[in-house]
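A.B. asks: Construct the entire structure; sequences and hints are all you get.
So for the sequence shown, full-length UniProt numbering puts the first residue at 1; every next one is plus one.
Just to be clear, a hint being listed does not mean it is correct.
Unchecked claim - Heads up, simulated EDC-like pairs for lysine to aspartate or glutamate below, C-alpha to C-alpha not over 16 Å straight-line:
#, residue 1, residue 2
1, K7, D40
2, K195, E153
3, K138, D91
4, K65, D40
5, K164, E136
6, K138, D160
7, K138, D120
8, K195, D168
9, K164, D115
10, K195, D40
11, K105, D128
12, K164, E153
13, K164, E92
14, K7, D42
15, K70, D40
Unchecked claim - Computed Cβ-Cβ distance ranges for the label pairs, DEER-style:
#, residue 1, residue 2, range
16, N113, D91, 45 to 51 Å
17, S225, T172, 35 to 41 Å
18, F55, Q159, 18 to 24 Å
19, M111, V170, 27 to 33 Å
The hints are simulated quantities; they were obtained by calculation from the structure and are not laboratory data. Keep in mind the model is a prediction, meaning the values are calculated, not measured. Glycine included, every Cβ here is placed at the ideal spot set by N, Cα and C.
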Amino acid sequence: MTKINVKGAVVSNDDADIYDWLGYDCVSPNMVEDVLNNSDGDVEVDIASGGGSVFAASEIYTMLKAYSGKVVVNIQGLAASAASVIAMAGDEINMSPTSQMMIHKASTISMGNADDFVHDSKMLDVTDQSIVNAYEAKTGMDRDNILQLMANETWMTAQDAVDKGFADNVSTGSAQPQVVNAIGTPVLSNNAISKVKNLLAKVRSAKPENKVETPKNTEKKPTPSLKDQKLALLFGKEED
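C.D. replies: Structure representation (structure tokens):
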């Protein structure tokens, strides 16, 4: 059975390279599409994600629902926010006894005048209704009840999710207990994404510098890890 991993942030195709560069787990529509295009049988989708982009999740959900084979979803740790929408594409949804699911209303960061905020408020209402479509199709619950659960930011244990119809089974087996007290998925802001893209463009266009040998008697400073260097570039100050 073909395996698809939904681990880390759910991101757009354009942003996936940045997460890979930083060493963060992520999943994008292109990643899922590549797996589905090379599969001719049933697929298993393993989920451990705090969510991310609603629109990327919608693409993934749509592709999985349209797939001709059986789609089995296994929630291993956390399926929150956009990741819970992806989970709803499963023909069969299994949850580890130690896993959790969280659903809530969509959110965004806005700036501008009163008209801009009214526009964004309407956009969020439409987005919430589109999310409800996925939950309603799986659970058969009343839309208003689902919206209330989302407004309450509802956290569900595996058994709660099964009882409410968001999952089909609590899986058995030797699961490793884990504690989940926060969503915890690193989701980069648009500003951070733009900054990394600018830095990468500079690096790719820069000419290689001549190496300078360090005198043997010179004390060497500890070299930061590659990931620390990348984070320093992302969140530190740029030099002109």
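A.B. asks: Against each hint, give a clear statement of whether it holds in the structure.
C.D. replies: Hints and how they fare:
With a CA separation close to 23 Å, the supplied pair K7 and D40 exceeds the 16 Å bound. Under the criterion of a C-alpha separation no larger than 16 Å, the hint pairing K195 with E153 is inconsistent with the structure, at around 32 Å. At most 16 Å may separate the alpha-carbon atoms for a hinted pair to count; K138 and D91 meet this at roughly 9 Å. Under the criterion of a C-alpha separation no larger than 16 Å, the hint pairing K65 with D40 is consistent with the structure, at around 15 Å.
Taking the CA atoms of K164 and E136, the gap is about 11 Å. The hint holds against a cut of 16 Å. For the hint pairing K138 with D160, the CA-to-CA distance comes to about 15 Å; that is within 16 Å, so the pair holds. For the given pair, K138 sits about 28 Å from D120 by alpha-carbon distance, which is inconsistent with the 16 Å threshold. Between K195 and D168 the alpha-carbon distance is near 43 Å, which puts this suggested pair outside the 16 Å criterion.
For the proposed pair K164 and D115, the alpha carbon gap of about 38 Å is over 16 Å, so the pair is violated. For the suggested pair K195 and D40, the alpha carbons sit about 40 Å apart, so the restraint of at most 16 Å is broken. The suggested pairing of K105 with D128 holds, with an alpha-carbon distance near 6 Å, which does not exceed 16 Å. Taken as a hint, the K164 and E153 pair is honoured in the structure, with Cα atoms around 15 Å apart against an allowance of 16 Å.
Taking the CA atoms of K164 and E92, the gap is near 15 Å; set against the 16 Å cutoff, the hint holds. With a C-alpha separation of about 20 Å, the suggested pair K7 and D42 falls outside the 16 Å cut-off, and the hint is violated. Restraint check for K70 and D40: satisfied, since their Cα atoms lie roughly 10 Å apart, inside the 16 Å limit. For the hinted restraint 45 to 51 Å between N113 and D91, the CB-CB distance of approximately 46 Å keeps it satisfied.
Distance hint for S225 and T172: a CB-CB separation of about 40 Å, consistent with the stated range 35 to 41 Å. For F55 and Q159, the hinted distance range of 18 to 24 Å is not satisfied, since their beta carbons lie about 31 Å from each other. Checked against the given bound of 27 to 33 Å, the beta carbons of M111 and V170, roughly 44 Å apart, lie outside it.
Comparing the model with each earlier hint shows violations of hints 1, 2, 7, 8, 9, 10, 14, 18, 19; every other hint is respected.
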